Amino acid sequence: MKTLLRFFYLPFLLLTGVLLLSSFFGNKTSNLANAYKKAGLTDRQAALHLLNRFTFGPKPNDIEELLKIGTDKWFSQQLLAKFSDADLNSRLANYDAINLSNEEVNKIFPKNPQVLRMAIKDGFIDKDSVQTGDKKEYRNKLNAYMDSKGFRPTQELTRQFINQKILRAAYSENQLQEVLTDFWFNHFNVSLSKNDCAMYIPAYERDVIRPNVFGKFSNLLIATAKSPAMLFYLDNFSSVASNENEMAAMQKDAQNPKVKAALAKAQQNKNKRGLNENYAREVMELHTLGVDGGYTQSDVTQAARVLTGWTIYPMGTYGGGAAMLKQLDKLDASTLEKRGYVHDGDFLFVPNRHDKGDKVVLGKKFADGGYQEGVDLLNMLAHHPSTAKFICTKLAVRFVNDNPAQSIIDKMTKTFLAKDGDISAVLTTMVNAPEFWAKNSLDEKTKSPFELAISAVRALDANITQPYPLYTWINKMGQKVYYYQAPTGFPDKGQYWINTGALLNRMNFGLALAGQKISGVKINLAKLNNNHEPESTDAALRTYGKIILPERDLAHTIDRLTPFLNDPNLVQKVNQAASKNKPTSAMEQTDDEMMSGDSMVKTKPSAPLNKPTFANNEMLAQVVGVIIGAPEFQKR
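Mapping to our numbering: the sequence shown position 292 is 292, numbers consecutive.
Source of the hints: derived by calculation from the structure; they are not laboratory data.
Every value quoted in this text rests on a predicted model; they were computed, and no experiment measured them.
Treat the hints loosely; a few may be bogus.
Computed spacing ranges between beta-carbons, pair by pair [unchecked claim]:
no.: 1; residue 1: Asn524; residue 2: Lys149; range: 43 to 49 Å
no.: 2; residue 1: Asp420; residue 2: Ala86; range: 30 to 36 Å
no.: 3; residue 1: Gly345; residue 2: Lys82; range: 23 to 29 Å
no.: 4; residue 1: Gln372; residue 2: Gln516; range: 55 to 61 Å
no.: 5; residue 1: Pro434; residue 2: Lys517; range: 30 to 36 Å
By construction, the Cβ of each residue, glycine as well, lies at the ideal position given by its N, Cα and C atoms.
Produce the entire structure from the sequences given, and follow the hints as far as they go.
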């Protein structure tokens with residue numbers, strides 16, 4: 001009987017299984033497709049929106065490639081960031097300094113004052129001749145000393161670091177990882193303008209930011225807090241407790257010679273260095289809770305006390321850390337651990353610098369926990385509801401629009417709290433939300449100068465052999481990447497970037513790029529159109545408009561740009577106007593104001609549009625340059 005039942009039901013069960021599997025794998029509409037189709041978007045419009053938000057701009061044929069993969073799979077692949085990046089790695093192969101550890105950087109790229117002190121000590125330079133001697137001879141001697149020691153100038157490290165950022169943004173297949181690296185670096189900003197931390201910034205981005213952009217926010221927060229770049233930038237490396245209670249207790253037994261000596265040393269340290277609240281303030285205001293996150297000045301002071309003793313493991317055999325390095329080298333790891341030291345890579349917790357008294361931050365008591373107090377504090381901040389809201393708001397501003405709906409922020413915040421601050425989970429919630437696909441989120445974000453430059457070279461499939469001239473142009477357009485001095489990082493709203501001087505420089509950049517006037521950046525404009533030559537400026541504008549501005553309604557753009565293409569002196573006029581109008585901070589302008597009025601060079605049609613003008617590439621370059629400078633290309 002059992003055999004008969006199995007015989008009867010087995011085909012039915014097999015058929016049911018096949019139907020279920022086929023419905024799951026074959027007929028199921030993707031989650032993202034459901035979301036964007038409800039918003040009325042076509043597949044191509046949705047693909048472009050994903051590329052605009054999660055890459056530095058589409059390359060030719062990127063829309064087609066994304067649709068072949070499928071929107072859900074493409075996004076999942078970007079979250080995994082597992083592409084090998086063979087092309088990028090070959091372009092980075094000659095940049096040896098970007099892979100050095102902080103300790104190696106200290107040895108190879110010492111700061112100029114340190115080199116001078118060593119040169120004087122070793123007898124290469126006479127101390128008395130530094131200010132009074134022949135400057136050329138002095139420089140030659142200093143350079144000879146550096147060569148003899150194998151030292152290299154710090155400018156070389158900085159240049160390699162900037163070059164690699166441009167190449168990664170332009171060529172990495174793991175585009176979302178690079179976009180998020182840019183976002184989180186800006187959130188946890190440190191600046192090359194502060195010499196103390198400058199040499200540690202390459203490793204900060206490489207080892208602290210990039211590997212953590214998809215993981216738990218708490219891990220990213222703690223990693224930045226322990227980084228030499230952040231410890232120097234916000235001065236927590238020098239924050240030392242006064243330990244008033246401990247000193248008072250020592251006073252009672254001050255007649256004891258050993259206690260007396262310890263008391264004198266403690267008093268000396270107190271007078272020399274004290275509590276520094278810079279990092280404690282910014283970790284609450286900018287990194288976690290937000291300015292309205294519910295903390296007080298007392299919380300800042302108490303948090304600073306919790307984080308005393310967090311400093312940098314001394315590197316190199318010169319400078320202020322050399323003495324401490326000698327002391328630490330005398331002790332084995334187990335002894336250091338017993339005494340309360342924590343050594344983790346470039347980070348060092350020094351127990352005798354830590355405030356051992358009771359502290360209360362946001363109502364939570366911290367006492368007698370040493371290094372763990374700081375970890376507990378940062379974890380508490382990372383998981384606070386105010387942090388979830390603040391971080392999700394910043395992510396929504398970056399990836400949705402300048403003024404995201406509260407509803408999408410609430411959804412992202414709920415995921416942040418439920419998933420232990422998992423960044424990938426928050427991004428997945430965001431991209432599946434209908435607000436992400438709403439019409440007011442399409443092409444709404446204004447590109448920063450860096451985003452504009454990288455999106456342009458990607459759109460034109462440029463070959464970058466020397467990245468630094470491109471960085472010079474980005475700087476000229478108003479964004480000196482890695483040099484923003486305030487811990488806030490660059491603002492992420494369009495009004496900061498759009499003003500008369502900036503717009504003129506953006507148009508100037510487009511003309512220079514398309515005209516092959518930026519050294520180290522090569523473009524084959526004919527290849528973009530399958531080596532077909534347009535018959536007129538009108539045809540070129542329509543053809544290259546579709547290539548550079550896919551899935552856009554070009555009618556208004558063509559009407560606006562056409563007059564510029566009949567002025568033979570356009571490049572010179574834009575260049576002259578740009579030199580008189582340098583980028584300033586914020587001034588909102590409409591699209592029409594971008595291309596008319598006082599903000600742009602006025603031109604009048606002087607020749608019929610259909611007149612063939614393509615005897616050489618100059619006119620085609622002007623067409624492409626004007627498209628790059630157009631308001632529509634400024635948006636993503």
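Verification of the supplied hints:
no.: 1; hint: Asn524 to Lys149: 43 to 49 Å; result: holds, 45 Å
no.: 2; hint: Asp420 to Ala86: 30 to 36 Å; result: holds, 35 Å
no.: 3; hint: Gly345 to Lys82: 23 to 29 Å; result: holds, 25 Å
no.: 4; hint: Gln372 to Gln516: 55 to 61 Å; result: holds, 58 Å
no.: 5; hint: Pro434 to Lys517: 30 to 36 Å; result: violated, 44 Å
Violated hint for the displayed structure: number 5, the only one.
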